[in-house]
Structures are given as C-alpha cells and as structure tokens.
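Asks: These are the residues of each chain, in order.
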Amino acid sequence: MENNILVCEHITMKFGGLVALNDVSLNVTKSSITGLIGPNGAGKTTMFNVITCNLKPTLGNIFFEGKNITGFKPYKIVPLGMARTFQNIRLFENLTVLENIMIGFAHKVKYRLFEPILKTPKFLNQEKEIKIKAFELLEKVNLKEKAYLKATGLSYGEQRKVEIARALATSPKLLLLDEPAAGMNPSEKIALMYFIKEIKDSFNLTILLIEHDMKFVMGICQKIYVLDYGAKIAEGTPEEIQKNPKVIAAYLGEANVKG
Amino acid sequence: MKRNTILTILSIILLFVFLYYASHHFSRYTIIILNNIAITMILAVSYNLINGITGQFSLAPNGFAAVGAYTAALLSLTPAQKQAMFIIDPIMPFLGSIHLPFLAALIVAGLVTAFFGFILGFPVFRTRGDYLAIVTLGFGIVIDIVANNAITITNGPLGLKGISNYTNVWWSYGWLVFTIFVVMSIINSNYGRAMKAIRDDEDAAVAMGINTFKMKMIAFVVGAFFQGVAGGLLAHLITTISPTLFTFFLTFNLLVIIVMGGLGSITGTVIATIVIVWGSELLRVFDQPMHIFGITTPGIPGLRMIIFALLLILTMLFAREGIMGKKEFSWDWLFNAIKGGIKNGK
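Order-wise, the sequence lines are chains A and B. full-length UniProt numbering puts the first residue of the first sequence at 1, with every later residue one more than the last. full-length UniProt numbering puts the first residue of the second sequence at 1, with every later residue one more than the last.
Careful: at least some of the hints might be erroneous.
[Said to hold, decoys possible] Quick list of in silico lysine-lysine cross-link-like pairs, BS3-like style, CA-CA up to 30 Å: (1) A:Lys150 to A:Lys173; (2) B:Lys326 to A:Lys146; (3) B:Lys161 to A:Lys128; (4) A:Lys144 to B:Lys326; (5) B:Lys2 to A:Lys150; (6) A:Lys131 to B:Lys327; (7) A:Lys119 to B:Lys161; (8) A:Lys144 to B:Lys161; (9) A:Lys122 to B:Lys339; (10) B:Lys161 to A:Lys133; (11) B:Lys327 to A:Lys140; (12) A:Lys122 to B:Lys161; (13) B:Lys214 to A:Lys76.
[What the hints assert, rightly or not] Stretches of chain A that chain B covers, calculated by requiring three or more beta carbons in the stretch to come under 8 Å of a beta carbon on chain B: (14) 86-92; (15) 106-112; (16) 131-145.
Hints in this document: simulated from the structure, not taken from any laboratory. Glycine included, every Cβ here is placed at the ideal spot set by N, Cα and C.
Please model the complete structure; the sequences and the hints are all you need to start from.
Replies: Now the structure itself:
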C-alpha cells in the first residue's frame, strides 16, 4: 500500500444516466510507468479528470501518497505533486515557450501582489530564479534556442515536449500523460518513448499514461489497466494483457476471438 | 535593463515638461481634451487588465466610473454645498457632514469601487463562461437606477453640481502614470503571466496549479479601483455629474479603444486612446459646413460619427488584432528596429 503513490478505490462516475466509469480501482506503484488503455469512449480521459480532481466522482475515493484528495479543487493538487498534460496539446498560445514553462513555477511563487509594484528584492529574486530554472528545464529538453518563440510556432513534436516540460516545471511526483503519442509518426513515437523514459529517471517520476498505440504502451509500461465501457476489464503486465481474451475482444470484437 | 528604466523615466519627465508648457500656453479647450485623454486612458488601461489580459469579458466600466464619480464628488463637496443642493430630499446625515481633501476623496472613491468590484466578482468568478458580461451589464443598469432614485444619496436625476474643479493635467496625468505603472508591474510579474495563461487556456492554467478565481478577482478589483479613481477625476473635471453621464455608451467607447489598440496590449491602449479621443475632436470639422473646391456643403451634425465608424472598420480590416495586437512597445524593440534599419541601409 505505501508503495503506491496513487490509489483509486471503486471510482464510479455518472453523468446523469450515463455511467462513464463503473467501479474502477487502480493503483500506481511508485517510480513505475503505468498505462491506461481502452477503445474510444472507454472512459480513460474521464478517469484522468477524476484523478486530477477536475471531476468529483459519484462514488469512490482517490488517495495520493496516502492522502485522500477526493473533492479537492483541481489547482490544489499541483502543489501536492501531481501534474498532467492534455490529449490535444494545450499550450498558452500567446505566450513564449519560456513563459509557458515559467507558468509551471507559478504555484511556488511566494511574493504578494504589492511586491511587483514596489519591486521588492523578494520579487526580483524570485523572478530571476524562476527564469533560470525555466531555462535549465528547456536545456534538458533541448528547446533552449526556442525559448523566445511563440509556443504555437513550434512543430507538433516540440509542442508536445514543451507541454511535458511545463508539467515538469511544477516539480511533480506523479505525471499524468493523456495520449502523448497521438498524431505522431512512428519515428517521433520512438523518440518520445525514449524521452519519457529519460525524464522518468532524471526527474525521479512516476508516470501514468493513456495511450492508443499498443506498441508504444507495451514498450514502455510496466503495468497496464484496460478499460472498456467504463469498467476495468483487465490489469497486468504487458505480456498478460496481450494474451487476455477480454482485451482482445474489446479491441478486435468477439468474432475474431472465436475465429 | 538599466538603460530602459532611464529611458522610461526620461520620457515621463518629457511628458510632464510638455504638460507644463501646455498648461501655460494652450487654450482651455485643448487642456480639457488633454485631461479627457488621460482619464479615458486610465479607464481603458484598467479595463484592458480584465478584458484583454485576463480574457474575461466585463462591461462594468460605466458602473464603476459612476460609483467613483459620485463617491469622490460627495466626499469633496462641502457640507454647506450639499445642504443647498439636495432640494428634493435632504442628504443622508452621515454623507452630509463628511468632507475630505481631493486626494483622499479619490482614494476612497477607488476603494469603494474596488469593493463593488469584489462583491460583483465573488459570485461571478466561481462559474465559467460569459456570465461576467451579463452581470456587469446589469450592474451598470442597477447603478443608473440607483443614481436616479436613491435621492438622499445621489440627488436623483438632478445630479451633483458645483463640484470644485480640482482636476488639472497634473492630477490626471499623475494618476495616469501611476495606473500604467501599477498595471504594467502586475502584468510583468507572475500574476500577469497567470492572467494571460487563464486567457489562453483556462483548463491548462488550472492544471498548472493556478488559482483562477483569485487571479480573475485581482484583475477585476484592481481594474475597478482605477476606474473609480478615473470617475472621481472626471467628476472634478466637468464639475457636474448626473446619471446620464454614465450610460453604457461610456463602456462601449472604452471597448472600442481596447479592441482597436489590441486586447492585451497596454501600449496599444495608450495609442488607441489618443487616436480615438483626439481623433473624434479633430473630426468635428465634418460636422461644420465645408468648402471643397468651391462647393459648399451644409453642416451635417453626426457626420463625424459616420466617418469615425468607417475608420474603425478600416482599422479592423487591416489590423484584425488591433494596432498592437498582443505585443507591447518596448525600448528593446525600438533599438532593434533602429539597428535593423541601419543594417538594411548599409
């Protein structure tokens, strides 16, 4: 139990009559890469929204490092050490790459509103510090020379990296990636796979990711959860999942299993 | 960094030297326009903080300016003046006896308006969407009705008269410089970055741990403070205020200014205010009879507004994001442009 950074107990999420998640339990082991897969509409992103407190589950509890965070305000879980990216990249379009990263440090800023007006040393020092840290982070993801470009001026793969770097700037313990490889070609996907493994080690992270691409998930995850129609149908190592008839049925249909 | 600060201070000094010259040599009419520019600019810059920087569509400035104007005027009028003026119903005893110097009246006006902003913002920013526009539009209407009917406070439709003409170029431009300084300081801090993040993508901002409610409140309440002060300055410039002065048209004008200057650009707002306030004065020639190539046209009142509208449409056609877009003028930009120009020249 204490080895699990995230524990979701019997999560049920109903939108009116629609049951988006039905009694889903899920554990994420510290320093692991865990995958959450399933066909379209299985409830993967809903699960993410529940974990990040954007949605309050109808039933069930979420524990982050042993602390019950169910019903927390979503911005309050970031200081606890949880950060996420979005399925469709959501950068701050009118800000530069550097400013995007600096936003990630926003919740650590301690100075008060009057301090930028009076230009107190505390304000000046913290701003300087944030800028230096943001540059360090950009250097780690090889985007330092793009720091002063508008975020939208970057290629798709680079934007994805900036989004991940922005999440890293919040210094998370658990990073949730929502379909990081979506819309990438095979070579970009491989590069991303190495990138995720690399940041996991260098930032000492635990990663939970949603992905459609089976090769990607099988290549990177130690444990996989499979959702279908809002219910958990399987969990296990990639090898176990690959052989699980329920999973094959969910992805390929019943007839193929019999045939 | 150092060079830019020096240049900024120098240009502020230059502005005040110009104002000194203006206040001694220019006509009264020009001085009033100069004051008008400054007050409108205070309103527009603080309005841009919530609309342009934070991306929350507010329609509050006319209501806020009204609150500020009435508060400041009631505080700076002498008890004797107030007693003589309130002929329908006597003024509330507390308001009747209070009397403050101009600066204190302005600051209190700002604080009272900020308090109104807080009361308005508190329920609205708990939700998302365009509720702010509806609530603030309603606020303007409520203020108008209150100003007309709360006779023991506002003297009803008669308004307040004989307000001392305290506002001069020093007061209005002093407050303008202070407003721009404060707003720019906030924008160039973590607070401003967070506000821009909310404008660009609120969900992502929340996912970065930003307390969006707090940031929106800060932008709205700080804006309200300065709008209240601007209302107070306006009251002491024209010396007579009545409910008709603060109709929705005031907000509409400011909206035109911030959109034309560029939503989210303070320097754009500065330029657009000068262009629009001064420009609409220059265009007055079109209202008068004109002689063009020997043909005399009769004076058509309102023609300048048509030309004004045409100019606005043209600006929006050729600069869709406004004059400055979301960019800001900076000394670095100017120096780079000059350097670039020299290089190209060689």
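Asks: If a hint holds in the structure, say so; if it does not, say that too.
Replies: Here is how each hint holds up against the structure:
Between Lys150 of chain A and Lys173 of chain A the alpha-carbon distance is near 28 Å, which keeps this suggested pair within the 30 Å criterion. Pair hint Lys326 of chain B plus Lys146 of chain A holds up; C-alpha atoms about 19 Å apart against a cutoff of 30 Å. With a CA separation close to 52 Å, the supplied pair Lys161 of chain B and Lys128 of chain A exceeds the 30 Å bound. Among the hinted pairs, Lys144 of chain A with Lys326 of chain B is consistent with the structure: their alpha-carbon atoms are about 23 Å apart, no more than 30 Å.
Between Lys2 of chain B and Lys150 of chain A, the direct Cα distance comes to roughly 26 Å. Compliance with the 30 Å bound is thereby established for this hinted pair. A threshold of 30 Å between alpha carbons decides the hint, and for Lys131 of chain A with Lys327 of chain B the separation of about 20 Å falls inside it, so the pair holds. At roughly 41 Å between alpha-carbon atoms, Lys119 of chain A and Lys161 of chain B are farther apart than 30 Å, so this suggested pair is violated. As the CA atoms of Lys144 of chain A and Lys161 of chain B are separated by approximately 62 Å, the hinted pair breaks the 30 Å bound.
A threshold of 30 Å between alpha carbons decides the hint, and for Lys122 of chain A with Lys339 of chain B the separation of about 35 Å lies outside it, so the pair is violated. Between Lys161 of chain B and Lys133 of chain A the alpha-carbon distance is near 58 Å, which puts this suggested pair outside the 30 Å criterion. This hinted pair checks out: Lys327 of chain B and Lys140 of chain A have alpha carbons roughly 29 Å apart, not beyond 30 Å. Proximity of Lys122 of chain A to Lys161 of chain B is assessed by CA-CA distance (about 48 Å); at most 30 Å being required, the pair is judged violated.
Between the alpha carbons of Lys214 of chain B and Lys76 of chain A the distance comes to roughly 13 Å, so the proposed pair stays at or under 30 Å and holds. Coverage of the stretch 86-92 of chain A by chain B holds [criterion: at least 3 residues with CB-CB distance below 8 Å; count 4]. Under a criterion of three residues with beta carbons nearer than 8 Å to beta carbons of chain B, the stated coverage of the stretch 106-112 of chain A is upheld, 4 such residues being counted. Here the stretch 131-145 of chain A counts 0 residues with a CB under 8 Å from a CB of chain B, which misses the bar of 3, and the coverage is violated.
In terms of the numbered hints stated before, the structure departs from hints 3, 7, 8, 9, 10, 12 and 16, listed from lowest to highest.
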